[in-house]
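Using the sequences provided together with the hints, build the complete structure.
Chains A and B are the protein sequences, given in the same order.
Position one of the first sequence corresponds to residue 1 (our numbering), numbered consecutively onward.
Position one of the second sequence corresponds to residue 255 (our numbering), numbered consecutively onward.
No lab work stands behind these hints, which were simulated from the structure alone.
We put the CB at the ideal spot given by N, CA and C, even for glycine.
A few of these clues could be false.
What the hints assert, rightly or not - Beta-carbon label-pair distances, calculated as ranges:
no., chain 1, residue 1, chain 2, residue 2, range
1, A, S217, B, G286, 47 to 53 Å
2, A, V208, B, A403, 45 to 51 Å
3, B, S394, A, N120, 18 to 24 Å
4, A, V76, B, W316, 53 to 59 Å
5, B, G380, A, L254, 29 to 35 Å
6, A, T185, B, E344, 37 to 43 Å
7, B, G380, A, N120, 31 to 37 Å
8, B, E344, A, E85, 33 to 39 Å
9, B, S289, A, K124, 41 to 47 Å
10, B, G286, A, G46, 20 to 26 Å
11, A, D57, B, V272, 14 to 20 Å
12, A, E100, B, P285, 49 to 55 Å
13, B, G286, A, S75, 41 to 47 Å
14, A, A50, B, V272, 24 to 30 Å
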Amino acid sequence: MTAVTQSGKDKTMRWARLYISGYDLSGDARSFGTLANGIAEVERTGWSEAHRNYIADDLRMVGISDLQVMLNDTSVAAYDRLITESNNTIIDLAFGGGGEPAIGDPVYMLRSEQISAVANLDGKLAIMSANFAADTDQYTAGAYNPFGVVLQDAATQITATISEDSVDHGAATTAGAWANLHVLTTASGDYAFKLQDSANDTDWADIVGATWTIDGSAIAAESIEFTANTARYVRFVATRTAGSIYAVCTFGRL
Amino acid sequence: MAGKDKVERWITVDIDDVGTVARDLSGDIVPGSMSGLGGKTFEEIEMTGINEAHKNFLAGHWSHSFSCQFYLNDKATTGAYTVLKGIIGEVGTLNIEFGSGAAPTSNDPQWDGEYLCVEAPIVLAGNKPVLAARFVPSGSTAPAWGTVA
Numbered sequence: 001m002t003a004v005t006q007s008g009k010d011k012t013m014r015w016a017r018l019y020i021s022g023y024d025l026s027g028d029a030r031s032f033g034t035l036a037n038g039i040a041e042v043e044r045t046g047w048s049e050a051h052r053n054y055i056a057d058d059l060r061m062v063g064i065s066d067l068q069v070m071l072n073d074t075s076v077a078a079y080d081r082l083i084t085e086s087n088n089t090i091i092d093l094a095f096g097g098g099g100e101p102a103i104g105d106p107v108y109m110l111r112s113e114q115i116s117a118v119a120n121l122d123g124k125l126a127i128m129s130a131n132f133a134a135d136t137d138q139y140t141a142g143a144y145n146p147f148g149v150v151l152q153d154a155a156t157q158i159t160a161t162i163s164e165d166s167v168d169h170g171a172a173t174t175a176g177a178w179a180n181l182h183v184l185t186t187a188s189g190d191y192a193f194k195l196q197d198s199a200n201d202t203d204w205a206d207i208v209g210a211t212w213t214i215d216g217s218a219i220a221a222e223s224i225e226f227t228a229n230t231a232r233y234v235r236f237v238a239t240r241t242a243g244s245i246y247a248v249c250t251f252g253r254l
Numbered sequence: 255m256a257g258k259d260k261v262e263r264w265i266t267v268d269i270d271d272v273g274t275v276a277r278d279l280s281g282d283i284v285p286g287s288m289s290g291l292g293g294k295t296f297e298e299i300e301m302t303g304i305n306e307a308h309k310n311f312l313a314g315h316w317s318h319s320f321s322c323q324f325y326l327n328d329k330a331t332t333g334a335y336t337v338l339k340g341i342i343g344e345v346g347t348l349n350i351e352f353g354s355g356a357a358p359t360s361n362d363p364q365w366d367g368e369y370l371c372v373e374a375p376i377v378l379a380g381n382k383p384v385l386a387a388r389f390v391p392s393g394s395t396a397p398a399w400g401t402v403a
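Here it is, written out as structure tokens:
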């Protein structure tokens, strides 16, 4: 396994995929307003200065506004998933580069509180419009950066113990990181999941704290964060005891 | 000075990455999406007296902001997504150059200064995700017009 190469300027909505707490709702997704990622500016202009100038308030704003999905009432489809509000939703919106989101592709990650889900019309089509804010119940300072990468893609069935291709982040970081895992389908799955890092893409070590409780036995999602220094290369590892699964893992650095 | 020959095709936008290395992101900018390519807008401070016939003003502080949409290019080191995800809330140099019917060269006009990257949310534009970034000046040294070295 070697580090993947990021594919570049090739992201379209044809290959965007939406995962909400273990469910792939991409077939029902239509649009979104904003995937927020910013701070507020604080003005600090002095009288003697010619121009208005600013500093950051150092308070990150994240969240999803006006996510529009079709009113599909099939079991575990969008309507079914959104009509019961959840304050423990884990959302990942991945952007594939000319194909299904693959390892290394960008992803918007959010530990969310569902704020709304309102039925509306898009022309003649009935839709649900939903807003998601950052969730207090899942708050951690370690999850403030929503721009991450895919470490395990949904298109690849896991049938054995696997160490996936790594992602090269260019440099090590020291401020911690966070990761989401969605188990999308399972056939008597029994797995242990973890992340590993490496300085040279050859010698690998487990990242302290980068393990999940969920074991692949059921559809589920779990978000973790860890404060350990994280080396330049990171990869997803699934250790099989039994069965097979489809899963998505995403990872963001601070 | 080459004159009346400045078009979008030959504008370049360089933004510092998190390591303060200038990155030319021009190839990732969505055409028609740039706003505030340089210049000053002064506050109008009204000074009209009751015996005067018309409202009149003095200029106060000036302000500026630059906003732009970028393709979600995750190419290592130089892609707009790679650069912007590391600088939200950070201050770095923003440099905008106006080429004269060709890539900017010596003596072409430029706008340059230290800017705070306020936000870069992902929005939809033409059935694709783009980064809608916004920058405002930071620091007491004002951005300024100049010429390309």
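Structure-based check of all given hints:
no.: 1; hint: S217/A to G286/B: 47 to 53 Å; result: holds (51 Å)
no.: 2; hint: V208/A to A403/B: 45 to 51 Å; result: holds (48 Å)
no.: 3; hint: S394/B to N120/A: 18 to 24 Å; result: violated (48 Å)
no.: 4; hint: V76/A to W316/B: 53 to 59 Å; result: holds (55 Å)
no.: 5; hint: G380/B to L254/A: 29 to 35 Å; result: holds (32 Å)
no.: 6; hint: T185/A to E344/B: 37 to 43 Å; result: holds (40 Å)
no.: 7; hint: G380/B to N120/A: 31 to 37 Å; result: violated (22 Å)
no.: 8; hint: E344/B to E85/A: 33 to 39 Å; result: holds (35 Å)
no.: 9; hint: S289/B to K124/A: 41 to 47 Å; result: violated (35 Å)
no.: 10; hint: G286/B to G46/A: 20 to 26 Å; result: violated (36 Å)
no.: 11; hint: D57/A to V272/B: 14 to 20 Å; result: holds (19 Å)
no.: 12; hint: E100/A to P285/B: 49 to 55 Å; result: violated (28 Å)
no.: 13; hint: G286/B to S75/A: 41 to 47 Å; result: holds (44 Å)
no.: 14; hint: A50/A to V272/B: 24 to 30 Å; result: holds (28 Å)
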